[in-house]
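Asks: These protein sequence lines are chains A and B, in that order. At position 352 of the first sequence (counting the first as 1) the number is 353 in my numbering, and the numbers step up by one without a gap. At position 118 of the second sequence (counting the first as 1) the number is 123 in my numbering, and the numbers step up by one without a gap.
Hints in this document: simulated from the structure, not taken from any laboratory. There are no misleading hints in this set.
Derived Cβ-Cβ restraints for the label pairs, each shown as a range:
1) A:P70 - B:Y17: 26 to 34 Å
2) A:A307 - B:G11: 50 to 58 Å
3) B:G113 - A:I466: 40 to 48 Å
4) B:T89 - A:I465: 40 to 48 Å
5) A:T205 - B:A85: 26 to 34 Å
Partial pick of chain B residues on the chain A-facing surface, computed with a CB cut under 8 Å:
6) M38
7) K41
8) A101
9) F111
Just so you know, even glycine gets a beta-carbon here, dropped at the ideal spot from N, CA and C.
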Amino acid sequence: MALSDHFPALIVALLLFSAFLTPPVYRWTPRFSAPLTTFCLSAAFLMAILLTAEVSRSGPLLYHMGGWPPPYGIELKVDPLRSYALLVILGVSLWIFVYALKDLSHELRIYVIGWYYTLFAILVASMAAIALTNDLFNLFVLMEICTIAACGIISIKEDRECLEASFKYLILSAMGTGCYLLGVAMLYMATGYLNFDLLNGALTEAFSLYPRNIFTAAALFIVAFGTKSALFPLHVWLPDAHASAPSPSSAMLSGLVIKVFAIALFLIFYQVFPREILNAVPLTEIVLWLAAAGVMFGSIYAMLQADLKMMLAYSSIGQIGFIFLGLGLDQELAITGGLYHVMVHAITKAMLFMSAGVIIYTTGVRKIKDLAGIGRALPITMLAFTVGSASMIGLPGTGGLISKWYLALGALEAGRPLFVLVILASSLLNAVYYMPIIISAFMHQGEFEYKVRPVPNMMKIPLIIGALAVIITGLLSRPVIVMLQEAVASML
Amino acid sequence: MEILQGIINNYYYMAAIILFVIGMHTMLTHANMIKKVIAMNIMDASVFLLFVAVGYRYGGQAPIIVEGADGVYANPLPGALILTGIVVAVSVTAYALSLIVKIYRFYGTCDYDEICELRSDE
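Hey, can you work out the whole structure from these sequences and the hints?
Replies: So this is what it looks like as structure tokens:
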């Protein structure tokens with residue numbers, strides 16, 4: 002076998018390898034550990050690009066861990082949807098990592114930075130593996146790794162808010178994984194398989210024999226993934242966790258971690274459950290209404306916040322609602338829009354948290370009302386913030402418009418015009434809380450009241466890249482949309 | 006009646022589910038953080054019990070194949086999976102407890118309600 006056949010496993014293995022290598026390297030020669038992690042992340046990203054090219058050329062790819070075929074072995078699968086998720090995860094985390102290099106030395110004590118790199122690499126590895134795995138139990142283990150690493154990059158700051166927030170996050174996540182494992186047990190009881198494809202085949206027959214088991218499992222999965230990706234009534238852990246964490250962690254958590262679980266739920270709904278189960282119970286209908294409530298309430302709560310990062314965190318609850326809205330409408334265009342929003346929101350929200358990080362780094366200001374006049378002090382940062390806000394609102398020329406456009410088209414196609422109104426209303430609410438910040442930042446008459454340190458280039462460049470990426474996702478969305486549409490059409 | 010009969014025949018599943026609900030309820034309603042962690046473990050253990058029960062066969066032997074012996078074996082796969090699950094649960098517990106230690110150093114209490122009061126006093 003050629004090396005390229007092992008790419009699915011190598012992506013994860015390389016990142017885990019770098020995770021275990023960084024702490025000793027950091028101890029002996031601190032300046033090598035950051036380049037080491039950057040190198041591993043870039044190599045993983047490169048492998049993901051090659052994998053995507055391979056998949057689009059010759060169709061889905063299966064990889065058996067250790068050469069053991071299913072049902073006993075663990076199977077990894079790369080299909081267009083998963084390779085898209087992989088690209089988003091690895092690309093965005095590489096970008097956030099470059100930003101983190103500078104910001105961390107300001108937010109963390111110097112001797113834990115090596116450990117932060119470890120947690121970061123484990124988190125990325127587990128997320129990439131969640132996107133790749135084709136096995137329910139493997140997914141459980143990876144979800145737990147992801148949760149611990151995600152809590153780790155919050156609690157590493159070790160102040161009160163961070164510790165409390167990560168404990169809350171850990172407990173609610175543990176409830177989620179408990180529910181998930183119970184659901185897996187139900188499915189295993191009914192079919193005897195854990196592999197996605199084998200389950201898909203066996204569930205049709207099992208559904209007529211043990212419908213109760215399978216309904217329970219489906220309900221438990223919604224609770225489990227809803228908790229982990231902050232679907233509306235289960236979002237209570239998110240604001241504290243995302244707002245108190247160091248800025249690179251916030252970008253990571255809000256940008257990627259919650260979305261990975263949304264994608265996992267999506268994979269389970271469309272690759273594990275056969276169509277007749279989704280038709281027999283209104284699973285997608287439940288998700289749809291929860292998502293619509295999340296879209297509205299997330300935005301309303303965000304309007305009430307005084308703290309910039311808290312506002313961004315609540316805005317994430319609204320935006321994750323859009324992704325679930327696509328899943329809930331259960332219609333090709335809407336799902337495409339929802340999945341496109343995964344990428345758009347990952348880039349946009351990560352960039353917004355980065356700009357918040359730059360503001361905190363250079364001025365120490367966190368309150369929204371203190372930001373008046375900051376546009377002249379930090380022009381590039383606030384321009385990036387403006388571009389990000391525009392994408393959140395869904396103004397033309399940004400990625401936000403494209404995903405909302407497809408969601409709205411899907412809602413019309415499915416005959417649910419009410420949800421077009423929800424999308425529009427939420428865009429309006431987004432404008433209500435993002436625009437005042439921008440207006441007061443640029444139009445304020447007086448001088449900015451706080452002392453401003455210069456912005457390091459290592460923080461400025463990722464912001465510029467992010468702003469460009471937001472605009473590119475808005476202008477050149479065609480190839481990704483086509484790829485997603487094909488992937489979704491093959492699954493429906 | 007049919008459902009009742011089914012429950013009586015599969016009482017071990019029922020026991021696992023009752024444990025699960027106890028764990029979940031305690032975890033979400035008790036203010037004491039240590040109790041939350043204990044409840045988390047009860048919840049995990051209940052799922053592990055359910056999983057292992059799924060793999061058992063009436064009259065089955067331990068799944069070790071010996072020359073000449075034939076008959077029914079218990080399914081070894083759930084056992085192997087649960088071993089992994091236990092490792093995961095232990096690591097989550099260890100992490101949760103270490104967080105509690107750190108929180109205790111700040112507030113001098115493990116009770117969430119008391120912490121909220123202390124924070125509102127500031």
